[in-house]
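Going down the list, the protein sequences come from chains C and R.
Following this note's numbering, the numbering of the first sequence begins with 1 at its first residue and continues without gaps.
Following this note's numbering, the numbering of the second sequence begins with 1 at its first residue and continues without gaps.
Just so you know, the hints here were simulated from the structure itself, not pulled from any lab data.
Model, not experiment: these values are computed from the prediction.
Partial selection, computed: residues in chain C whose CB lies under 10 angstroms from chain R:
#1 22
#2 25
#3 26
#4 28
#5 30
#6 33
#7 37
#8 270
#9 274
Some chain C residues flagged as far from chain R (calculated, every beta-carbon gap over 12 angstroms):
#10 48
#11 76
#12 78
#13 122
#14 133
#15 181
#16 194
Every residue gets a Cβ at the ideal spot worked out from N, C-alpha and C, and that includes glycine.
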Amino acid sequence: MTQTYPSGRIYAAGPRRLALRNQYNVLSALLFREAGMRHGQKFALGYLASGIEPLVIVATIGLLFSALSQDPPYGSSLLLFIGTGVFPIYLFIHTSLRLRQPLNAVAQRQRFPIERPFDHILVHALLHLVSSALVAIVFFAGLYMFLGVNAAIPGDPIAAVLSLLVVLMLGIATGILNSVIARIVPAWDLLWPGIARASLHFSGPYFVAAYLTPDTRWYFALNPVIHGVNWFRHAFYPFYPNELTDHAYIITFTAVLLFLGLLLEAGTRRYLEEKD
Amino acid sequence: MIRLDNVSFAYQRGQNEIDGLTIDLPSHRRMAILGGPETGKTTLVSLLAGVIDPTGGRIERRAHLSFPAGYNRAFRFSNTVRQNIIFAARVYDADPAEVVDFICGILDLKDSIDRPMRDLSVPARRSVAYALTYALPFDTYLFDNIIGPGDPATRDLWRQLYEARTATAGAVLATRQTRVAEAYCDCALVLRRGRSPVFFDNLRDAIALFEADVAAEQEAVAVSQVTEASIFDEGRPGSEAMAKIVE
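Isolated chain C (complex conformation):
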């Protein structure tokens, strides 16, 4: 038989370079594969599909407010105000939901040994960021071009990107924590989507948190997502009332949650492997 045997391309590189190269190989291969899949099933552009939900929510709230002939709570464009709220919130919700899959017990057995769970977490988070950003950019660009909303181009793009990254990190931290909790208490898988979607209304998509009465708004300020929303809105509205917003709070909250999630994952790994 005169087959040519495929050969490796990098073996002389040394162990450290080899590890980096392996990491790169796994991440890039996963990125291409998972982009066309959803829950392990083939689904072309599956990740863009999750962008439809925030659009529907923006449309519903917009329709409701126009039907009630309400003025926009802030600024001159109702859709822009709702959009600046709903998109960061959905980035959080979807990331916290979808990241349960990489740490799922069954999914972990359906992999090559070289793929580690955190490769999957990284890839899924990245895909969510890219797909959410794509849908959001289309939405805001559409507002600017077709509805003539000049404020739809953020005056402070760095703040917009930074706030979204913090919200993404919060989503990742919640997702990791959720995936571990769901394996200990399986009912959590049914509860969390409801809780996450209900939290939409407490994160200020259609009201200005700083305009709430002083005795209630501190309760709202406990929700870290609202700080992310305010941060994101500040990038669009330079004079957005910001006395409630505490960037340190959401960052600290994210760091603590991430630490707890990783701690719980490492602490229960053995127990969970034996459990299922």
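Given the coordinates of chain C, work out where chain R should sit on it, guided by the hints.
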């Protein structure tokens, strides 16, 4: 070289399947893992491959080790065979086109290469998984019991692939058949029940020890069967299935 440092592994909080194993194994030789049933051959191969993580201790792999040959759990059934092969090739740092060509060259896949994985029969999936193992470049190939799916018509094919790959790379083959070890390996690690494993540079010595172990075990089993038979009067097989009613 593969360095195992105090590695232990237990299934389901049970007894340690592998207990405090500290040993250096060669990665560029053809090594057999000889052992009787339930001495931890498969467990050791899975540990080396990284399919399972050790309960204690650590494994230092100074070589690029394969997954256990014929590993097919990572296939996505809704993706086509070609997509699955390309994914594996990318992950394990080979040229995807080369790997696909190689597999098409040795297996008769015809047009099923562009059909979803779930359309293939189970033996065909196994063949793809084994062909994929040989197609990917590794320093050490890990085998659990067999070097290829046991279809008599293709036996020579897998043997050729094995010889070609292990001409330049190492192999670890877990087996309890000394003939298999003689045919495919030239050094061996003997796993022993209740005692620590021994590595032999020379396969002949390893087989001698392994066969002595097996003989001793058979003798022990025979002795225990005799004593059992004397305890229960009815030595006839099947008599324990009939309940006796005490009157």
